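Starting from the given sequences, assemble the full structure and let the hints guide the process.
If you read the sequences in order, they're chains A and B.
Residue 1 is where the first sequence starts when you use the working numbering, and the numbers rise one by one after that.
Residue 1 is where the second sequence starts when you use the working numbering, and the numbers rise one by one after that.
Derived from the structure by calculation, the hints contain no laboratory data.
This list has only true hints and no planted wrong ones.
Far from chain B, some chain A residues (derived; all Cβ distances over 10 Å):
1. R113
2. R146
3. T169
4. H321
Among chain B residues calculated to face chain A with C-beta under 7 Å, some are:
5. L147
6. K154
7. Y158
For clarity, every value in this text was computed on a predicted model and none was experimentally measured.
Where a beta carbon is used, it is the ideal one built from N, C-alpha and C, also for glycine.
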Amino acid sequence: MNALELDPVLVARARELAVRAAQPVVDLARAHTTVSVERAVLRLAGLTGTDPVTGGEGTVTDRVPWVNRVVDAVREQVGLEAGVALPVWHALAAGGAADLQALAEQVGAGTARFSVPTGAAAERARDAARDAVAAGLARVDANHRRREELVATLGDPPRRPWIYLIVATGDIHEDIPQAQAAARAGADVIAVIRSTGQSLLDYVPEGATRTGYAGTYATQENFRLMRAALDDVGAELGRYVRLTNYASGLCMPEIAVLAGLERLDMMLNDAMYGILFRDINPQRTFVDQRFSRMVHARAGIIINTGEDNYLTTADAVDEAHTVTVSQLLNETLAKEAGLQDWQLGLGHAFEIDPDRRESFRLELAHALLARALFPDAPLKWMPPTKHMTGDVFRGYLLDGFFNLAGALTGQGILLVGMMTEAVVTPWLSDRDLALRNVRYVLDAAGGLVEDFAPPRGGFIDRRAHTVLGEAVQLLERIADHPEGLIQAVADGTFGITRRPPDRGKGLDGVVRLAPEAYNPALELMEREAARA
Amino acid sequence: MPEPTEPRAPGTVDSVVRPYGDTTGDGMVQLSFTLPVAPGPRADGAALQLARKMGLDPAMVVHSHGIGGGGGTAGDGAAFTFFVVYGSVRHLVDLDAVQVEERAYPLLTPAEVDAAIRAGLRRSLVVLGACIGTDAHTVGIDAILNLKGFAGEKGLEYYREMQVTNLGAQVSVPELVARARAERADAVLVSQVVTQKDAHLRNTRELAAAFREAMGESRPLLVVGGPRFDPALAADLGVDKVFGRGTTPGEVASYLVSALVPGAPS
Numbered sequence: 001m002n003a004l005e006l007d008p009v010l011v012a013r014a015r016e017l018a019v020r021a022a023q024p025v026v027d028l029a030r031a032h033t034t035v036s037v038e039r040a041v042l043r044l045a046g047l048t049g050t051d052p053v054t055g056g057e058g059t060v061t062d063r064v065p066w067v068n069r070v071v072d073a074v075r076e077q078v079g080l081e082a083g084v085a086l087p088v089w090h091a092l093a094a095g096g097a098a099d100l101q102a103l104a105e106q107v108g109a110g111t112a113r114f115s116v117p118t119g120a121a122a123e124r125a126r127d128a129a130r131d132a133v134a135a136g137l138a139r140v141d142a143n144h145r146r147r148e149e150l151v152a153t154l155g156d157p158p159r160r161p162w163i164y165l166i167v168a169t170g171d172i173h174e175d176i177p178q179a180q181a182a183a184r185a186g187a188d189v190i191a192v193i194r195s196t197g198q199s200l201l202d203y204v205p206e207g208a209t210r211t212g213y214a215g216t217y218a219t220q221e222n223f224r225l226m227r228a229a230l231d232d233v234g235a236e237l238g239r240y241v242r243l244t245n246y247a248s249g250l251c252m253p254e255i256a257v258l259a260g261l262e263r264l265d266m267m268l269n270d271a272m273y274g275i276l277f278r279d280i281n282p283q284r285t286f287v288d289q290r291f292s293r294m295v296h297a298r299a300g301i302i303i304n305t306g307e308d309n310y311l312t313t314a315d316a317v318d319e320a321h322t323v324t325v326s327q328l329l330n331e332t333l334a335k336e337a338g339l340q341d342w343q344l345g346l347g348h349a350f351e352i353d354p355d356r357r358e359s360f361r362l363e364l365a366h367a368l369l370a371r372a373l374f375p376d377a378p379l380k381w382m383p384p385t386k387h388m389t390g391d392v393f394r395g396y397l398l399d400g401f402f403n404l405a406g407a408l409t410g411q412g413i414l415l416v417g418m419m420t421e422a423v424v425t426p427w428l429s430d431r432d433l434a435l436r437n438v439r440y441v442l443d444a445a446g447g448l449v450e451d452f453a454p455p456r457g458g459f460i461d462r463r464a465h466t467v468l469g470e471a472v473q474l475l476e477r478i479a480d481h482p483e484g485l486i487q488a489v490a491d492g493t494f495g496i497t498r499r500p501p502d503r504g505k506g507l508d509g510v511v512r513l514a515p516e517a518y519n520p521a522l523e524l525m526e527r528e529a530a531r532a
Numbered sequence: 001m002p003e004p005t006e007p008r009a010p011g012t013v014d015s016v017v018r019p020y021g022d023t024t025g026d027g028m029v030q031l032s033f034t035l036p037v038a039p040g041p042r043a044d045g046a047a048l049q050l051a052r053k054m055g056l057d058p059a060m061v062v063h064s065h066g067i068g069g070g071g072g073t074a075g076d077g078a079a080f081t082f083f084v085v086y087g088s089v090r091h092l093v094d095l096d097a098v099q100v101e102e103r104a105y106p107l108l109t110p111a112e113v114d115a116a117i118r119a120g121l122r123r124s125l126v127v128l129g130a131c132i133g134t135d136a137h138t139v140g141i142d143a144i145l146n147l148k149g150f151a152g153e154k155g156l157e158y159y160r161e162m163q164v165t166n167l168g169a170q171v172s173v174p175e176l177v178a179r180a181r182a183e184r185a186d187a188v189l190v191s192q193v194v195t196q197k198d199a200h201l202r203n204t205r206e207l208a209a210a211f212r213e214a215m216g217e218s219r220p221l222l223v224v225g226g227p228r229f230d231p232a233l234a235a236d237l238g239v240d241k242v243f244g245r246g247t248t249p250g251e252v253a254s255y256l257v258s259a260l261v262p263g264a265p266s
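Set out below in structure tokens:
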């Protein structure tokens, strides 16, 4: 399977540099919290619903969730430096409200009063908060076990790569039959794309939604509905069908929690995507991604990272090494948060200009480099988008070559390419034709991975080592920055945009932690991770 | 049956043409579509009926297969059928009657935009974007400015020769004027989604008046956009350009270059 033999000294050097480059990010994440991390704590403790008097004449999805109202009220009264748990469970211990939900309603009525407890009162608040959050984590754990049971009884997909397909109608009740049809036609993983702009909302909408634009809102209820529908079709097909959504944007930690509570199986979760492509503040992103990855680790969720995006903005040959660098950084940050190799769907993509000579050999070299560098990670292989022109016939051929490269290089998760990429959101027939393309290639050539071993010193081997060498050079530059990755991002090292740590969306939601700060979710998850 | 057209000598231009399969005037076209009908003779008949109504005569269903059946293979239980149809259209195309809508400025690729700025301006083009007033919907300005972009096109941040700042939501007009002055903005982009009581029009007029008063002739190019704007209203609102629903970053970039860069392609 591992056709390339990489220089072990170079590989060890790359990993060591990645750890060093990422250390300032880990330090930053440990020293701060965010409004979304604190809201995620309340979600784990079971607080749901929205404040009915918010949202004006808008729809129910415009209403402000109770978790936002409570965190904002705590912040206004006592600040978030100690976290939300101490003041909230101290208020509950004082007896003014029967439970968390009732306390939220007092916040709505403007009668809740918060203070940060000390001494024995703080001890009591910590214990109560820990118990409440442990109940949520127990549900996450139960889902993790339930997934393992279902996979044991129904079975995994019969082969690798797993076939990953997107639905995106905007209406959860349209998504469901489309997702079930896709599963029947051979999809192993269903991803529900989010509505345009959800990543920039600083709250998670509530309820079953039918009005997304170019995608469907990620809500707990939508997660639950789709999970149940895929369980039904999985039982019918005798194969566990996995569900994917996006833990990214300003509510990354909360969406990670909802995914754990509703047994999603994979989540898009990149350490830097929001910073680079959505202009979300770097500090906010780095703090949020660490918490969300700890939740994913606990939930047994496979993360998918977003390296494919670099190649949509930069040249896929000239900038191939930035993909490798980002994969190494994503790996080191993921492992620090407790994720294991089998959970790392590191991303890469088939985006080399097809008019370039030897483009397919270069694609194979890059794909094999990722395979050899991360032998135990599933790897997420993304189809061509940049060079899909609207010529659907050429696009269909290109997707066939993409599928062949995936089969030849042993990729773990294959996102099915659509010949109508850049033309329309996929039609029923587009998805069907795309799956026929994948089935043909995997049936005809799936076993070629056993035979395919490019010679040492040949074109593919040399190209892979060139890219790895360039990646090590770039990692050296990042690691030598006084603030490592944070400063490298500020300087525009990735992609072409500069993202200083004090700019971008969501900075006002970042809070430096005080010595007395307490986050029961982090405590419980770190304790578990230490035991593992 | 379609009227056969007169064969012509190669090279002559006729104003009436038909699609070309392998013989002049054969009118051959191919199309594919899906009907919500289970596969079978009835489905194929339905496809032929549609093709005939579309002007294909004779039409041939050269391929059909079911979609959405159980077990991954087409057929059993499929509720839809996909068709590939070939046929000759009876319609004629009159080239003299073809009208091409001319855009006032050429649509450029990102590389062409960058090259034009480099050659014509010899410095970065400074762009400032914001949502003004109480409008918190940044989805429009983000789609145009964010690297992520919109409709398969990268946002203006992708353009190396543009220096883009997105001020985000709920920026006051005086603040925007001050920032535009401080950063020597070449262009100010404002998106407006909320249209309650024509707030978008009122806000835009206020914006134009504030810039006129503060900076006069030296004001930056003012561009507004949003789903409810009528592009014909620019002059009336006192701005330079109004973009409506579905505008892509490439269109905005091309317009900025044509309006601001001396010697830009036109």
